[in-house]
Amino acid sequence: MADLALPDMSPWAGLWRRGRFGHALGEPGLDIAESERGSMALMSARRGRTPDLARAAQDLGLTLPGPRAWTQDRGFVVLSTAPDQWLVRGPGSFSELAAGLEPLAPFAAVIDQSHARAVLTLSGPRLRDALAKGFEIDLHPRTFRPGDVAVTVVAGVSAILWQIDERPTFEVAVPRSMAGSFWHWLSESAAEYGYRVSTHDA
Amino acid sequence: MSDAIGHAGPVGSGSGAEAPERAARVTPNSPVAGAARVQPFRMIAGGQIERRPLSFGFDGKQYQGFAGDTLASALLANGVRLVGRSFKYHRPRGILSAGPEEPNALVELRDGARREPNTRATVAELYDGLVARSQNRWPSLRFDLMAVNSLAAPILGAGFYYKTFMWPAAFWEKVYEPMIRRAAGLGRAAGAPDPDLYEKATAFCDVLVVGGGPAGLAAALAAGRSGARVILATEDFVLGGRLVSEQREIGGQSGPAFAASVEAELASLPEVRILRRAGVFGVYDGGTYAALERVNDHVALPPPHEPRQRLWRIVAKRCVLAAGAIERPVVFADNDRPGVMLAGAVRTYLNRFAVRPGSRAVLFGNNDDALRTARDLQDSGVTVAAVVDPRPDALSSLDMLSRETGTRLVEGVVERALGSRAVQGAEIRDARGEAITVPCDLIAVSGGWQPTVHLTSHLGGRPEWASALASFVPGTLPPGMAVVGAARGDFALASCLADGIRAGSDAAAAAGFHPRSVTIPSADAESTAVTPLWRVKAAKGKAFVDFQNDVSASDVEIAHREGFVAVEHLKRYTTLGMATDQGKTANVNGLALMAELTGRSVPATGTTRFRPPFTPVAFAAFAGPHRGKNYRPTRLTAAHGWAVEHNAVFMEAGLWLRAQYFPHTGDKGWRDACDREVLAVRERVGLCDVSTLGKIEVVGTDAGTFLDRLYTNTMSSLPVGRVRYGIMLREDGFVMDDGTAARLEPQRYLVTTTTANAVAVMSHMEFAAQVLWPDLDVALASVTDQWAQFAVAGPRSRDVLAAVLRSDADLANEGFPFMGAMATALRDGTPARLFRISFSGELAYEIAVAANYGDGLARTLMAAGAAHGIMPYGLEALNVLRIEKGHAATGELNGQTTAGDLGLGRMVSTKKDFVGAAMTQRPALVDPDRWALVGFRPVNPQDPIGAGAHLLRPGAENKSRNDEGHVTSTCFSPTLGSTIALGLLRRGPQRLGERVRAYDPVRGRDTLVEVCAPVFVDPEGVRLRG
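Protein chains in written order, with our numbering: chain A, 863 to 1064; chain B, 27 to 1052.
There could be a bad hint or two in this list.
Facing chain A, according to a computed beta carbon distance under 7 Å, are these residues of chain B, among others [claimed, not checked]: (1) L662; (2) Q796; (3) W799; (4) D803; (5) A807; (6) D854; (7) R859.
Derived from the structure by calculation, the hints contain no laboratory data. It should be emphasised that the depicted structure is a prediction, and the values quoted were computed from it without experimental measurement. Glycine is no exception: its CB is placed at the ideal position from the N, C-alpha and C atoms.
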């Protein structure tokens, strides 16, 4: 076992191939890629310490977003997922992320979720039409904008959805174990418009 | 073809002014007479159709229609008027209507797996290659043997089932029911899986407009111009509603041209969405509406990747209901003969489809709207033989018509339709009582219009009777809904438009927009006066109220005579208003007849309320994409692919798929694999993916206190680096789940749950943290998906782990004893968590890594274990191993057992409070007679024991009063070479050594077994501490 080196296997591995699928004519309606894996932690404010946590985060250069919103500061993406609870994403390993959040430890519990969720980046002109086939929330630009987060359910799979830009680009995180079921739903819903899978290791 | 004149021509081309010219073209010498022969009842010009020929088949015969036809209009264009047989009497039936209310013209559409029964020909859009078949006839539509039912009609009346099939009672199931089932029903289900895709989708809007007629178009335009998000949903495949069926003018434009111009503007508004072929069929709480979009019902096969139908959930701030109205037939003798058609439908076929539904017509109506049919018939070259109206002086407006054409104008009624498979004439009785027989092949009939109020009553609203209109109008409305135009009883075109604009503007304003003023276009005025006429009595013939259910006027009389006068009784006794059309053309007439019989008013007799769906919706649409294995999501572990490569057979455990066993070539059955896997664990080492067990991290200064209040035993005293087994109770004192708690850090615990209860335990803990004890500092997160975890079990497990863990990991008994926990790493530095816990009773560990590394870890452990004879094992072996050790699992954690029942009474602390503590002291829960966990071995070791078998004393009668417990888990133990079982037995632990019977009537077994301790292997627990 001297040469042991466990491969970092994507939750999407084996589910898809790079390429163009579904309706074949014209520009694809959706572009689909795996998001940068990085690390992810659930950060919960200790009981009654939310103001202290917000202040300590401020000192770190992080803005804790209010309900249903996300922010990006100093390489961290912070998504509000419940009252006094955030999902924090960082570019490196979980231990790096945890070290970065260390000053917040007196005011927050941090739990590793780096491999618990499979995350996709979605964009394209027909993205909202495809999402409407499962997400039962209003994603119209008048009601859902870049910076917004929704914690919801799609096709029986719990999901966190947040909007990146107005192209529109969204990211979606689903439980790792349900990546296959989510992908089945997404690929079927996108097929009518044609979709392109462009991802690092596909 | 050069005959598109007027079809897509200039404004006003469809109006009456040009019609005589159209009629004149219908001559055998016309240059396009060839086309006329193919579709003999199609007019040469006009209509809102595209004259692109489409071929279709009906009952095996090929016909031609045009794009824009419905199956009904195409059949009529070909002179096909007999299209089906009725439900009960198998009477010949034709096409009554031109819309979704059709009760008669139900056909089987398509072939094979796509065969779809009871499709209304009036809404089935024609496509090239369409195949349809008539229903409820044998051997053929023209000659149907079951029509003998008609002869038996006198005994087949209302309540016939209840009276005829009463006795003998023994015949109910064996004779009567199969007989009734064979004779009843329409159409045949496909009987094969539906090969097409169905989708569900959600849409949000400020204003939902239901209906694409003049009122709906006006409402959508007014709302749309304000910038509001508008959805206009119409069941039809064209917009316009009655505008495309009538010869009307709006602001100098023809009706269809006006509709087209509004449609063009709506299409140009970015926030307006037009859903064609999308009928709104239900209203639900919170401004939620359901619509079925028939995306690809109008083509032979859906294009690749496209659904056939899409079920819309529409959430709207405001709704404008512009659903129009449904015309009522008049109840007269033999009014169901093919060729009796609603007057409005006649105008639709003439004006929209350029089809003459007959050659010689009698018009019978009680309202001014119906009289306009006479002019449209004339304009289309149909001879109007007579116009019959019971209202004094109503016919004066038609004097000119009669002078020009010799049409008889009769103040009177049509008493009876003549003919059988087609109308051959009308028996008329005039105001002086004279009988007149007029030959004809079409009777256009109108009893007035009933507003389509269905959606207004889906949330419980009760329609109100409007005497002046002789119809029901909407009563209390669902929140946020406004009703406009004909749907609220305002039938005049000009007011439909004005009403629509007003309601559209109001709805947009209520949704927060500033509507701009919209000019109301002028429309020619018309009279909509009506005088009620429900029924014409005649000496002969059956007068139908509900065509689809064969309910006649005499059935209503029977119901009255036998006391079923309440509207709900009337419905159930006669079946009036049941089946796929839900009495759209029948309910009001039925009520009015009962009102006449009881001498009460219609509203005093009753009101029909409606439930979704407005029109039939296929189950496939409700299921959407969630069919078969996609009924619900499937959860796969990180190492699923590894198990697949090892030939695993999987089984469902909640949403998870878990390896059940790993068969080898030459195995005779699953038992071979299971026995092999069990022995590998007992003798060498086995590997099992246990990632599916629930894993919850509990973090905070109060984490220990929190767990103390949830578990029956104490967790706050657990040292860091140690694991403790625990059980949680429900509030009622029964065991909810079992698992382990590991203290990873002073303020960080990891608790595990069973696979089955993972979600329930997480909810329970969230509830406790948020509601019961909000003062405790504790944070929770499910980490089930974060970690891939494997049990490495067996005497060689330590050797296997030593080969993969980094060299400083101390696995020796002293450093890492039973129930130890540590954070460590693999040789490549991958962080890992290691637990020395054992479900199998052997020396065993569970090792966890972040999920992305799970597949690699499984392969690494297999490679490291090869020298030790490692073998993957599945749920079957896991189950045998735990039964051999007497561990409780699903069969024992059945929601009816206490900790004491399971032999875990010593784990229930009496020194602290916890969820369920108070209830554990209930007398019934501490009753010494309770059934408690013990083991069983058959006296003959090879005898099988079935789970669920009742435990009886030898010699006791097989009665439930003698029941002393049941078997909960059973298996063949390859370790002992014997069947073994666990079960709950009255005072079980005090009866060790006693013999009882495992009586299993389901499997036909009665096995003598000996009661024993529930731990069959290594009762001292030497191995797991080894």
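Each hint, compared with the structure:
Checking B:L662 against chain A: minimum C-beta separation of about 6 Å stays under 7 Å; hint holds. Contact between B:Q796 and chain A, as hinted, is not supported at the beta carbon level, the nearest pair being about 9 Å apart and thus beyond 7 Å. Among the interface hints, the one on B:W799 is violated; its C-beta lies about 10 Å from the nearest C-beta in chain A, farther than the 7 Å criterion. The closest approach between the C-beta of B:D803 and any C-beta of chain A is roughly 4 Å, which is under the 7 Å cut-off, so the hint is satisfied.
Interface restraint check for B:A807: the shortest CB-CB distance to chain A comes to about 4 Å, inside 7 Å, so the restraint holds. For B:D854, the interface hint holds, the least distance from its beta-carbon to any beta-carbon of chain A being 5 Å, beneath 7 Å. Below 7 Å, beta-carbon pairs count as interface contacts, and B:R859 has none with chain A, the closest being about 11 Å; its hint is therefore violated.
Going through the hint list in order, the structure does not satisfy hints 2, 3, 7.
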